[in-house]
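Kindly produce the complete structure, drawing on both the sequences and the hints.
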Amino acid sequence: MHRLASLIRPNSGEDTRVDWRRLARHIRPYAGYILIALVAMVLATVMGLIYPLVTGDLIDSLLEPNSLDLLNQTTLLLLLVFLLRTVLGLIQSYALGYVGEHITFNLRLQLYERLQQLSLSFFEQRRVGELVSRLSSDVTMLRSILTSNLSSLLEQLLTLGGALLVMLSLNWRLSLFILVLAPVVAVTGRVFGMWLRRYSRIIQDELASSTIVAEEVFQNIRVVKSFTREPYESQRYRGANTKALRAAIRLLQIRSVFSPLISFLGLASIGAFLWFGGQEVIAGRLGIGDLVTFMIYGQLIVGSIGGLVGLYASLQQGLGGTKRVFDLIDETPQVQDASTAIPLPPVEGHITFENVSFHYATGDEVLHGINLEITPGEVLALVGPSGAGKSTIFNLIPRFYDPTSGRVCIDGIDLRTVQQESLRAQIGIVPQETLLFGGTIEENIRYGRLDAAPEEVIDAARAANAHQFITALPDGYDTIVGERGVKLSGGQRQRIAIARTILKDPRILLLDEATSSLDSESEQAIQEALTRLLVGRTTIMIAHRLSTVRIAHRIAVLDAGRIVEAGTHDELMEHNGLYAKLYALQFRETLAPNGATVAS
1 MHRLASLIRP NSGEDTRVDW RRLARHIRPY AGYILIALVA MVLATVMGLI YPLVTGDLID
61 SLLEPNSLDL LNQTTLLLLL VFLLRTVLGL IQSYALGYVG EHITFNLRLQ LYERLQQLSL
121 SFFEQRRVGE LVSRLSSDVT MLRSILTSNL SSLLEQLLTL GGALLVMLSL NWRLSLFILV
181 LAPVVAVTGR VFGMWLRRYS RIIQDELASS TIVAEEVFQN IRVVKSFTRE PYESQRYRGA
241 NTKALRAAIR LLQIRSVFSP LISFLGLASI GAFLWFGGQE VIAGRLGIGD LVTFMIYGQL
301 IVGSIGGLVG LYASLQQGLG GTKRVFDLID ETPQVQDAST AIPLPPVEGH ITFENVSFHY
361 ATGDEVLHGI NLEITPGEVL ALVGPSGAGK STIFNLIPRF YDPTSGRVCI DGIDLRTVQQ
421 ESLRAQIGIV PQETLLFGGT IEENIRYGRL DAAPEEVIDA ARAANAHQFI TALPDGYDTI
481 VGERGVKLSG GQRQRIAIAR TILKDPRILL LDEATSSLDS ESEQAIQEAL TRLLVGRTTI
541 MIAHRLSTVR IAHRIAVLDA GRIVEAGTHD ELMEHNGLYA KLYALQFRET LAPNGATVAS
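At position 352 of the sequence shown (counting the first as 1) the number is 352 in this note's numbering, and the numbers step up by one without a gap.
Hints were generated in silico from the structure; no laboratory data involved.
Some clues are possibly wrong.
Below, in silico cross-link-like pairs of lysine-lysine (DSSO-like), each with a Cα-Cα straight-line distance of 30 Å or less [as the list claims (entries may be wrong)]: (1) Lys504 - Lys487; (2) Lys243 - Lys225; (3) Lys504 - Lys225; (4) Lys243 - Lys323.
These numbers come from a predicted model, not from an experiment.
Below is the structure:
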């Protein structure tokens with residue numbers, strides 16, 4: 001009994017309340033098409049309500065002597081009703097489809113644009129598969145609610161109301177008898193509809209989880225294969241799908257009972273109609289043709305009630321997805337431009353951190369009172385143990401995050417007072433792990449400046465030491481790099497990323513050391529490219545290999561979120577502090593078998 005009660009009371013914790021006025025705003029631009037669809041639907045419904053009356057007249061004509069002409073006329077009228085209903089249905093279907101496709105397009109675009117506007121912290125807390133699911137299946141649900149579901153709801157209500165009015169005019173006793181039976185079907189359908197809603201939601205959630213697993217595996221397929229984890233990942237995917245399968249089987253069981261039960265109730269209702277209607281015919285209160293008409297209207301009523309119940313379940317299933325779409329659209333970026341934000345003018349590149357502290361949403365403080373000045377054209381290297389705060393300083397400059405306290409300035413302008421787009425337009429970032437788009441090499445380089453001429457793309461590739469290997473490829477600059485640049489080597493990807501940044505020509509450069517995991521030949525080519533890239537730019541580089549910090553004018557050493565040392569390489573080595581210890585640890589000498597020493 002407890003299990004049954006839990007099924008009858010599905011999870012009420014899910015808030016599926018939706019602002020219908022907001023949904024209406026998405027329909028309003030297509031009011032003309034909606035009006036056409038509504039007129040066609042109303043007329044088609046009227047045709048559907050007329051044909052039982054025509055059918056009744058046809059039956060009565062058979063009882064008349066010399067009724068052939070009347071039979072022919074009635075049959076032609078019936079065919080005309082069917083033809084009009086078909087044409088009106090086609091008009092309604094096209095108009096609603098047109099509206100539905102445009103609503104889907106607009107919503108996906110709006111959601112996609114909103115997702116791009118959200119701060120980096122949002123994506124660090126979400127999985128890609130979940131967001132893709134919102135863009136696809138949830139938006140499709142919303143389209144169904146705004147078009148076909150609401151249209152069907154209105155159509156079923158009109159059919160139900162119209163049929164009842166006609167039936168009441170024919171025989172009020174039999175009509176009241178139907179009204180007594182109808183709630184039984186409706187209540188039964190509502191209970192099963194709640195169960196359908198619950199298990200449909202579970203299936204959607206579990207399928208989304210399995211999609212996330214698959215996407216993670218495909219994105220990291222090299223890791224999966226290198227560790228021979230195909231069986232493990234198959235088992236993980238099987239586990240995610242098994243949960244969806246169990247919910248689907250439960251849903252199947254409910255539907256297996258639901259459909260036959262509703263069908264039985266409908267047929268039983270027809271039987272009851274005939275029994276009660278037969279008594280009315282015997283009593284002389286109803287004709288044979290009227291009885292047939294009544295029976296057809298009874299079927300329409302039962303069908304409308306069943307349709308309304310099904311629509312209720314569909315609407316409830318869709319409301320969850322609808323709310324998820326709007327929740328994402330309403331998501332507020334953590335980093336926002338102030339209402340008074342101004343475009344950042346062309347900068348010299350003088351960067352200052354003034355008593356900057358920062359903590360993530362978890363509450364753990366990562367930076368503590370950072371004070372740092374970087375002069376225009378200076379190359380500053382950030383070094384320190386893992387977790388010292390290097391990447392956080394890196395991310396505060398383009399405002400991927402805002403400091404918890406203190407301020408970051410460029411040329412004396414607080415970054416929180418300028419528009420993010422104008423700030424990032426003057427900053428170039430070369431990450432340690434370069435991810436390319438799946439198009440051509442030229443498209444990836446041109447991403448740095450979309451209006452660049454082909455000659456400028458080639459010049460940037462030359463400066464990045466990439467032109468030679470690109471032209472050696474069969475398709476040259478038109479070579480497809482594959483998803484995430486998988487068809488190119490790590491060194492080739494890095495040189496394309498450097499070319500992309502050279503083409504952008506930023507005044508400030510953020511460099512997460514691009515040579516830490518490359519072979520010597522690639523490292524040399526990239527170091528040459530970086531040497532060209534650094535000229536005249538204010539550069540902050542995260543140094544993983546301390547051998548590369550020699551190109552820096554100054555080094556800032558971080559530990560536990562604080563700058564503990566700053567100076568040149570020689571000054572820091574002479575100081576014999578944390579930097580000297582890190583340097584010695586990375587370049588400690590070991591005795592070779594022949595007695596020589598080698599760097600490890």
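Need the status of pair Lys243, Lys323: alpha-carbon distance at most 30 Å? It holds: about 24 Å lies between the C-alpha atoms, which stays within 30 Å.
Restraint check for Lys243 with Lys225, where alpha carbons must lie at most 30 Å apart: OK: Lys243 and Lys225 at ~26 Å, within 30 Å.
What's the verdict on Lys504 and Lys487, does the C-alpha distance respect the 30 Å limit or exceed it? holds (24 Å)
Assess, step by step, whether the Cα of Lys504 is no farther than 30 Å from the Cα of Lys225, and give holds or violated. Violated, at roughly 36 Å.
Of the hints listed earlier, the one the structure fails to meet is number 3.
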